Amino acid sequence: EAQVTQNPRYLITVTGKKLTVTCSQNMNHEYMSWYRQDPGLGLRQIYYSMNVEVTDKGDVPEGYKVSRKEKRNFPLILESPSPNQTSLYFCASSLSARDLNYEQYFGPGTRLTVT
Amino acid sequence: GNSVTQMEGPVTLSEEAFLTINCTYTATGYPSLFWYVQYPGEGLQLLLKATKADDKGSNKGFEATYRKETTSFHLEKGSVQVSDSAVYFCALTSSSGGSYIPTFGRGTSLIVHP
Chain Y
1 EAQVTQNPRY LITVTGKKLT VTCSQNMNHE YMSWYRQDPG LGLRQIYYSM NVEVTDKGDV
61 PEGYKVSRKE KRNFPLILES PSPNQTSLYF CASSLSARDL NYEQYFGPGT RLTVT
Chain V
1 GNSVTQMEGP VTLSEEAFLT INCTYTATGY PSLFWYVQYP GEGLQLLLKA TKADDKGSNK
61 GFEATYRKET TSFHLEKGSV QVSDSAVYFC ALTSSSGGSY IPTFGRGTSL IVHP
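Going down the list, the sequences are from chains Y and V.
All the letters of the first sequence, read from the start, carry residue numbers 1 to 115 under the numbering used here.
All the letters of the second sequence, read from the start, carry residue numbers 1 to 114 under the numbering used here.
Please keep in mind that the hints were generated in silico from the structure rather than gathered at the bench.
As the structure is a prediction and not an experimental result, all values here were calculated from the model.
Hints are supplied without guarantee of correctness; some may be wrong.
[Said to hold, decoys possible] Residues from chain V that keep clear of chain Y, each with C-beta distances beyond 12 Å, as calculated: (1) E8; (2) L19; (3) N22; (4) L33; (5) Q38; (6) E42; (7) T51; (8) T65; (9) T70; (10) G78; (11) T103; (12) T108.
[What the hints assert, rightly or not] So these bits of chain Y aren't anywhere near chain V, every CB distance computed over 10 Å: (13) L11; (14) Q45; (15) E62; (16) G63; (17) K71; (18) P75; (19) S82; (20) R98; (21) E103.
[What the hints assert, rightly or not] Some chain V residues near chain Y, calculated using beta-carbon distances under 10 Å: (22) V4; (23) A53; (24) T93.
Note that CB positions come from ideal geometry on N, CA and C, so glycine has one too.
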């Protein structure tokens with residue numbers, strides 16, 4: 001089944017404790033992206049990757065890191081989480097970074113709480 | 001920069017009512033337009049799309065027409081069901097300097113009562 005998977009689905013952590021949220025897709029997609037969803041603000045892009053070893057900042061990259069060593073994986077790293085990073089996070093992928101017509105496929109989301 | 005503006009929700013309707021959710025956009029060039037739906041506890045999934053002016057996207061009884069002259073992509077359904085209760089996101093993709101740029105609206109919550 002074609003899908004985007006994220007782990008963990010739920011995470012409660014404390015300020016300053018490094019964490020990684022994994023994202024994997026099995027569709028051989030070039031483009032991958034991370035978003036956060038907050039009430040009243042909709043979806044905001046954190047980082048994106050056009051292909052392996054190519055990553056770039058989205059609208060709200062502060063406090064986050066990413067890497068794209070393999071085509072299928074795109075982990076999101078919070079080196080020192082803070083309470084303002086409490087949010088619902090979505091990973092997404094799209095077949096091609098060069099064609100505007102391709103839609104994005106979203107993972108099920110990771111709900112992160114930082115205390 | 002690009003932007004997508006959706007009507008604020010929640011939109012509350014009775015079953016079998018007509019639905020319109022307004023969406024307007026600002027973008028350079030010729031964007032592709034999308035509607036995504038998010039059911040409770042799930043990720044977003046594509047509902048429909050239109051890739052050029054005057055195209056109509058349709059799926060599951062929902063329709064939207066790409067209107068370049070009014071920069072709009074309003075979502076409509078003739079008769080909503082309780083199962084349509086969800087959050088609906090209007091979105092576009094455009095290109096800038098070779099980069100694929102997706103832009104989302106803030107989402108509109110739809111609540112359908114029996």
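Taking the closest pair, is the beta carbon of G78 of chain V still more than 12 Å from chain Y? Holds, because the least Cβ-Cβ distance between G78 of chain V and chain Y comes to about 24 Å, which exceeds 12 Å.
Over 10 Å to the closest beta carbon of chain V is the bar; see if R98 of chain Y clears it. About 7 Å separates R98 of chain Y from the closest Cβ of chain V, which leaves it inside 10 Å; violated.
Interface exclusion of T65 of chain V relative to chain Y, criterion Cβ beyond 12 Å: T65 of chain V clear of chain Y: closest Cβ-Cβ about 17 Å, beyond 12 Å.
With 10 Å as the cut and Cβ atoms as the points, is T93 of chain V at the interface with chain Y? OK, holds: T93 of chain V within 10 Å of chain Y, min 4 Å.
Regarding the assertion that L11 of chain Y does not contact chain V, is the least Cβ-Cβ distance greater than 10 Å? holds (16 Å)
When the nearest CB of chain Y is found for A53 of chain V, is that gap smaller than 10 Å? With Cβ-Cβ at 14 Å, over 10 Å, it is violated.
Does L33 of chain V really sit off the interface, with its C-beta more than 12 Å from all C-beta atoms of chain Y? For L33 of chain V, whose nearest Cβ neighbour in chain Y is about 10 Å away, the distance does not exceed 12 Å, so it is violated.
Taking the closest pair, is the beta carbon of N22 of chain V still more than 12 Å from chain Y? holds (15 Å)
Beyond 10 Å on every Cβ pair: is that true for P75 of chain Y relative to chain V? Label holds. Min Cβ-Cβ 17 Å, cutoff 10 Å.
With 10 Å as the threshold, tell me whether G63 of chain Y passes as away from chain V on beta-carbon distances. holds (21 Å)
Is the nearest Cβ of chain V still more than 10 Å from the Cβ of S82 of chain Y? holds (24 Å)
Assertion that E103 of chain Y lies farther than 10 Å from chain V (Cβ): violated (4 Å)
Consistency with the previously given hints fails for numbers 1, 4, 5, 6, 7, 11, 12, 14, 20, 21, 23, ordered from lowest to highest.
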